[in-house]
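Going line by line, the protein sequences match chains B and E. Its first residue numbered 0, the first sequence is counted upward by one per residue in numbering that gives the first Met the number 0. Its first residue numbered 0, the second sequence is counted upward by one per residue in numbering that gives the first Met the number 0.
Worth flagging that the hints you see were computed from the coordinates, not collected in a lab. Think of the CB as a built atom: it goes at the ideal place given N, C-alpha and C, for glycine as much as any other residue. One should not assume that every hint holds.
What the hints assert, rightly or not - Just a sample of chain B residues kept apart from chain E, beta carbon distances all over 12 Å, derived:
#: 1; residue: 4
#: 2; residue: 36
#: 3; residue: 56
#: 4; residue: 94
#: 5; residue: 132
#: 6; residue: 182
#: 7; residue: 192
#: 8; residue: 200
#: 9; residue: 246
#: 10; residue: 282
#: 11; residue: 286
#: 12; residue: 321
Stated by the list, open to error - Which residues of chain B face chain E? A partial, calculated answer using Cβ under 8 Å:
#: 13; residue: 125
#: 14; residue: 184
#: 15; residue: 278
#: 16; residue: 313
#: 17; residue: 314
Each chain, letter by letter, is given below.
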Amino acid sequence: MKFYLRRIAFYVITVWAAVSLNFLLPRMMPGDPAAIMIGKLRRASGGRELSPQVIEDIYALLGADKNTSPWDQYLAYWGRLLHGDLGLSSTRYPYPVVELIGNALPWTLFMVGTATVISFILGIVGGAWVGWRRGTWLDHLVPATALLQSIPYFWLALVLVAVFSVQLGWLPIVGAYDPFEFPSGPEWSWDFFVSALQHAFLPALTIVISSIGGWLLGMRNMMVSTMSEDFVVTAEAKGLRPSRIRDRYAARNAAIPSLAGFSIALAFVVAGSIVTEQVFSYPGIGKLMIQSVQGLDYTLMQGVFLVITLTVLAANFLMDLLYGVIDPRVRSHG
Amino acid sequence: MKKISLALAATAVALSLTLAACTSPAPAPSGSAASSAPAMAATLRVWAGSTTPITVDFNPFHVDTALYGTYGPIYEPLFFFNQLSSDAPVPMIGQSYNYSADGKTITITIKPGLKWSDGQALTADDVAFTMGYGPNKTDKMISATATDDTTIVLKYSSPQFTAASQLLGSTMIVPRHVWSKIDNYMKETNDNPVGSGAYVVKTTSDASYTFTANPNYRDPVPITNVQFLGIDSNQSGQDLLSTGQIDWTGMFIANPDSVTGTGAIGTMNQQQDPTVMVTCADASKGCKGDQTDVAVRQALNVAIDRSQLAEKAWVNLVGKANPAFVLLPRDQKWLTDSSLAESPQTANAAQAGQILEAAGYTKDDKGFYAKNGKEISLDLFSPDGWTDYNDAAKLIAEQAGKAGIKITARTVSEAEYWTPVTDGDFQLAMYGLTQSVVADPFSNYDQYFFGKSTAKVGDAPVRGQNYSRYSNAVVNAAVEAAAATDDEATKKAEYAKIQAQIAIDLPYIPVVLNASQAFFNTKNFTGWPTDANLYADPLPYLSVAPAIVLLNLKPVQ
Chain B
0 MKFYLRRIAF YVITVWAAVS LNFLLPRMMP GDPAAIMIGK LRRASGGREL SPQVIEDIYA
60 LLGADKNTSP WDQYLAYWGR LLHGDLGLSS TRYPYPVVEL IGNALPWTLF MVGTATVISF
120 ILGIVGGAWV GWRRGTWLDH LVPATALLQS IPYFWLALVL VAVFSVQLGW LPIVGAYDPF
180 EFPSGPEWSW DFFVSALQHA FLPALTIVIS SIGGWLLGMR NMMVSTMSED FVVTAEAKGL
240 RPSRIRDRYA ARNAAIPSLA GFSIALAFVV AGSIVTEQVF SYPGIGKLMI QSVQGLDYTL
300 MQGVFLVITL TVLAANFLMD LLYGVIDPRV RSHG
Chain E
0 MKKISLALAA TAVALSLTLA ACTSPAPAPS GSAASSAPAM AATLRVWAGS TTPITVDFNP
60 FHVDTALYGT YGPIYEPLFF FNQLSSDAPV PMIGQSYNYS ADGKTITITI KPGLKWSDGQ
120 ALTADDVAFT MGYGPNKTDK MISATATDDT TIVLKYSSPQ FTAASQLLGS TMIVPRHVWS
180 KIDNYMKETN DNPVGSGAYV VKTTSDASYT FTANPNYRDP VPITNVQFLG IDSNQSGQDL
240 LSTGQIDWTG MFIANPDSVT GTGAIGTMNQ QQDPTVMVTC ADASKGCKGD QTDVAVRQAL
300 NVAIDRSQLA EKAWVNLVGK ANPAFVLLPR DQKWLTDSSL AESPQTANAA QAGQILEAAG
360 YTKDDKGFYA KNGKEISLDL FSPDGWTDYN DAAKLIAEQA GKAGIKITAR TVSEAEYWTP
420 VTDGDFQLAM YGLTQSVVAD PFSNYDQYFF GKSTAKVGDA PVRGQNYSRY SNAVVNAAVE
480 AAAATDDEAT KKAEYAKIQA QIAIDLPYIP VVLNASQAFF NTKNFTGWPT DANLYADPLP
540 YLSVAPAIVL LNLKPVQ
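Let's have the full structure, built from the sequences with the hints guiding it.
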């Protein structure tokens with residue numbers, strides 16, 4: 000019990016620190032959002048003199064903090080946060096950040112999440128197998144997948160698009176679904192689901208190709224070292240079936256470190272995959288992040304970082320709790 | 000594991016970029032009549048540069064965030080000013096306009112019997128309302144009155160001769176019965192716009208939005224549906240174009256033949272906007288660095304090899320810039336000295352040396368010019384990822400080095416680019432000017448060279464975009480005099496003074512005229528502008544011009 004209380008207290012403090020940091024970061028950056036927006040408006044309107052009315056309006060909407068103390072701003076920030084209000088985006092003004100993130104998150108979870116799970120499963124199963132058959136031709140899989148992983152992601156994606164989408168025309172070039180067939184956006188229908196699957200295939204494939212090597216290598220090495228453990232030798236001496244030794248004894252223990260890595264990888268799924276989403280015009284979180292950074296959209300940036308931070312912390316927390324169950328040693332020494 | 004490091008790296012990149020960034024315009028998509036069934040209405044698919052996710056915004060007062068198509072296809076100005084020609088403005092809502100002799104009163108007549116897309120009558124009352132609404136209000140306006148159903152009288156406290164394109168060509172007329180009920184126009188996204196243009200919004204999503212013909216439009220609308228797509232990279236835009244999935248776009252493609260080779264895609268490249276090296280020119284305004292010496296700017300102007308830049312940084316798709324900042328041949332009549340028709344196209348290191356030596360510089364043992372023992376050393380920056388600017392900056396540094404002028408080229412993130420440029424905290428920057436949209440270079444001089452369009456270093460200009468901090472009494476007086484007259488001879492005399500001064504002072508060192516390539520499907524649609532018939536610029540991201548193009552197209556049956 001003490002273990003869990005300690006962990007919970009630790010995470011409460013971490014969340015507080017992360018959220019506070021999120022409050023501080025944009026305020027430490029140069030320029031205030033209102034001034035940035037006025038600058039952009041001025042360029043967009045070809046240097047036309049902005050009426051005092053417009054400038055006043057923008058300050059009223061984006062620079063409202065100007066006359067309040069930082070402490071009051073901090074309290075107000077927490078107040079808004081607890082009401083689920085992350086403010087208005089300035090690059091996509093006047094859209095609320097919550098709405099933008101809410102629209103992007105499902106796509107990211109669907110495409111990047113599925114790709115991460117597939118990559119993990121393939122990597123672990125493949126790694127266990129390669130490790131089990133160490134010393135055979137299967138060992139070549141390790142450098143082969145490492146090579147795939149070392150291909151610049153951007154280039155890999157462009158090549159796959161050029162071959163499968165442009166030359167062969169088998170798969171779509173951009174988007175999360177077919178905008179020509181569904182001009183009004185997502186709908187609940189089988190056709191739409193098929194369209195979404197077709198569109199997710201190539202981006203997901205590139206993520207799997209470029210990430211599987213890491214899982215495979217880690218699992219294979221753990222497998223090799225676990226197989227030299229005494230309990231595996233004992234199991235062999237007992238005359239257990241090799242498949243049982245492989246699956247229940249060696250692979251199960253070898254997978255523990257990878258599982259920890261997997262929880263973090265899953266948490267980072269919410270961050271999306273910036274390059275994938277850019278190359279395939281996929282409407283995910285990674286793109287919001289890069290657009291907010293490029294457009295100096297502090298509210299959107301804050302919102303995206305907050306979601307990522309909280310998800311990573313939550314995943315860590317769950318993993319901590321789960322580890323306590325899986326491995327009692329963590330509990331007593333933690 | 001790879002996933003983790005990718006995500007962490009991405010976060011780090013994002014954090015490092017946070018300090019300075021600006022969105023760059025994306026390429027523009029286009030539509031196509033791809034329907035195989037002849038019964039189906041033709042849909043033209045456009046990529047005008049929207050990125051995903053598309054956030055619906057048809058508010059004409061959101062100059063920065065309104066979706067492409069808001070200006071022109073949905074909302075119309077009174078007249079269309081074709082930036083490619085010196086012809087008279089084309090009537091849209093307006094029929095004719097008339098300036099008083101002093102330029103302070105404009106009388107506008109609009110077409111009779113017009114309707115908004117919701118069926119209500121569009122009258123002079125709506126125009127008068129628009130002229131005095133929200134950001135259209137200016138201190139100089141005295142009144143905007145509708146004297147009858149089709150006549151509007153605008154009164155100003157100063158001459159408005161040079162504001163014609165802005166007042167009549169880029170002020171979108173909005174319906175009084177809708178906008179008078181909106182409390183805060185800045186917060187409005189106007190999802191179901193009521194406009195006077197040829198199109199109304201049919202559907203919207205996060206990936207695209209579709210317009211359909213406005214049944215209340217005054218003329219027939221040949222293309223029934225126009226779909227605008229959101230695409231995030233030029234490569235995807237090019238792929239969609241060459242596979243026939245989009246019909247119209249405007250973006251840079253280095254090897255246009257790869258797209259137009261099949262014969263289905265046409266292209267047009269009308270170079271207009273000058274790419275320059277902007278210098279922080281005026282030491283008295285707080286500029287620091289060797290470029291504040293006019294001799295250094297003049298030497299640099301002859302030291303760079305523009306033909307090499309055009310070839311290596313822009314694959315020869317750009318046009319030739321001139322130091323008078325007029326667009327040729329459009330503004331031919333405003334070019335007052337034929338020697339200013341073109342900036343030097345090849346490098347002349349000897350001439351650069353002479354200019355510097357005459358100004359008291361001598362070459363030091365490293366081969367660089369120096370004065371009082373201090374070498375000329377200039378910093379030239381461009382936004383990271385704008386590869387043409389980055390390449391050009393590197394080449395310029397090399398070329399200037401050969402002439403004995405030391406330049407260090409570096410790239411910065413977009414945010415770190417705009418802030419120093421606006422605040423004057425720079426020496427040299429690669430920069431793009433916006434060409435005057437009418438056949439008169441006035442707005443170039445007013446925006447970029449006029450003393451009242453600048454501010455001292457540390458402040459951003461309140462009006463105009465004179466980031467060079469240039470202020471020259473002769474130019475200032477000439478700009479003011481030109482603004483107050485409608486007489487061509489008088490104006491030309493003033494322009495002569497301006498052109499003579501700025502070509503010597505060179506606060507902006509002209510480099511090239513930007514390529515602006517448009518690509519369009521000529522197999523499914525005919526009627527696109529041609530070199531012989533430049534009725535509008537076929538770039539889908541412009542305002543107003545796309546509406547004119549759409550009305551001139553015909554689907555191929």
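Of all the hints given earlier, name the ones this structure violates by number, lowest first. 2, 3, 4, 6, 10, 11, 13, 16, 17
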